[in-house]
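Model the full assembly from the supplied sequences, consistent with the hints where possible.
Protein chains in written order, with our numbering: chain W, 2 to 117; chain C, 40 to 153.
Honestly, the hints are just simulated from the structure, not real lab data. Misleading hints may appear alongside valid ones.
[To be verified] Only pairs whose alpha carbons sit at most 27 Å apart, straight line, appear in this in silico DSSO-like list of lysine-lysine:
(1) C:K140 with W:K58
(2) W:K58 with C:K88
(3) W:K10 with C:K140
(4) C:K61 with C:K97
[Stated by the list, open to error] Label pairs and their calculated CB-CB ranges:
(5) C:G55 with W:N78: 44 to 54 Å
(6) C:P46 with W:S39: 43 to 53 Å
(7) C:R81 with W:Q45: 11 to 21 Å
Predicted model only: the values in this text are computed from it and were never measured. All residues carry an ideal CB built from backbone N, CA and C; glycine is no exception.
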Amino acid sequence: DSGVTQTPKHLITATGQRVTLRCSPRSGDLSVYWYQQSLDQGLQFLIQYYNGEERAKGNILERFSAQQFPDLHSELNLSSLELGDSALYFCASSVESGTVSSYEQYFGPGTRLTVT
Amino acid sequence: AQSVAQPEDQVNVAEGNPLTVKCTYSVSGNPYLFWYVQYPNRGLQFLLKYITGDNLVKGSYGFEAEFNKSQTSFHLKKPSALVSDSALYFCAVRDRSSASKIIFGSGTRLSIRP
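Encoded structure:
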């Protein structure tokens, strides 16, 4: 158990809908990362938050957004869903401080999103 | 731009034999390098990392990796494979900018036959 929790485990929804995925980082970790894992695209970095602020952006679509709250949990919002958004979405956290990015990440169990 | 290549989609090894999973990278400056393992229906688990210092890094479950700056490689190795090592392995790279993103390789499926 990595200490990172994600809810829900599974989500089935229809095209055009909006969903919210939730992540709670390990105790003490200030950084949260979101990833999308699909069979054809592999593991894609979406976005990173550090202590409530956006730190780095990857291949995140404009239909997707995220935020990190004062209690450090994070939410990933996916809207206008398309069939191609079906994937595993992982959250990870790390302890890294303001200027150090050498720390390993600890991954949650993921949310499997199925868009029908 | 940063990139990571895992040239082998699949590696097959007999139990007890040494294993190598290859990773090469491209990044400006000196990188941070990581290996992660993913078991079925699970999130990724951290195995080991190279930050600085000794080029041979030891990690969890008997795995080690060698950083080779001239060849820009960070191959994962284990002297004696176990059937339980069968999983998907990801190499990852990050440059030393604090605002940089981490890039994962495409993954290598390791299959250990009894």
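Taking the hints in turn, this is what the structure says about them:
Proximity of K140 of chain C to K58 of chain W is assessed by CA-CA distance (about 7 Å); at most 27 Å being required, the pair is judged to hold. The hinted pair formed by K58 of chain W and K88 of chain C meets the criterion: a straight-line CA distance of about 22 Å does not exceed 27 Å. Of the supplied pair hints, the one linking K10 of chain W and K140 of chain C holds, its CA atoms being roughly 26 Å apart against a limit of 27 Å. Between K61 of chain C and K97 of chain C the CA atoms are separated by roughly 16 Å; this keeps the pair inside 27 Å, and the hint holds.
Distance hint check for G55 of chain C and N78 of chain W: the Cβ-Cβ separation is about 49 Å, which falls inside the suggested range of 44 to 54 Å. For P46 of chain C paired with S39 of chain W, a C-beta distance near 21 Å fails the hint of 43 to 53 Å. R81 of chain C and Q45 of chain W have their C-beta atoms about 18 Å apart, which keeps the hinted 11 to 21 Å range intact.
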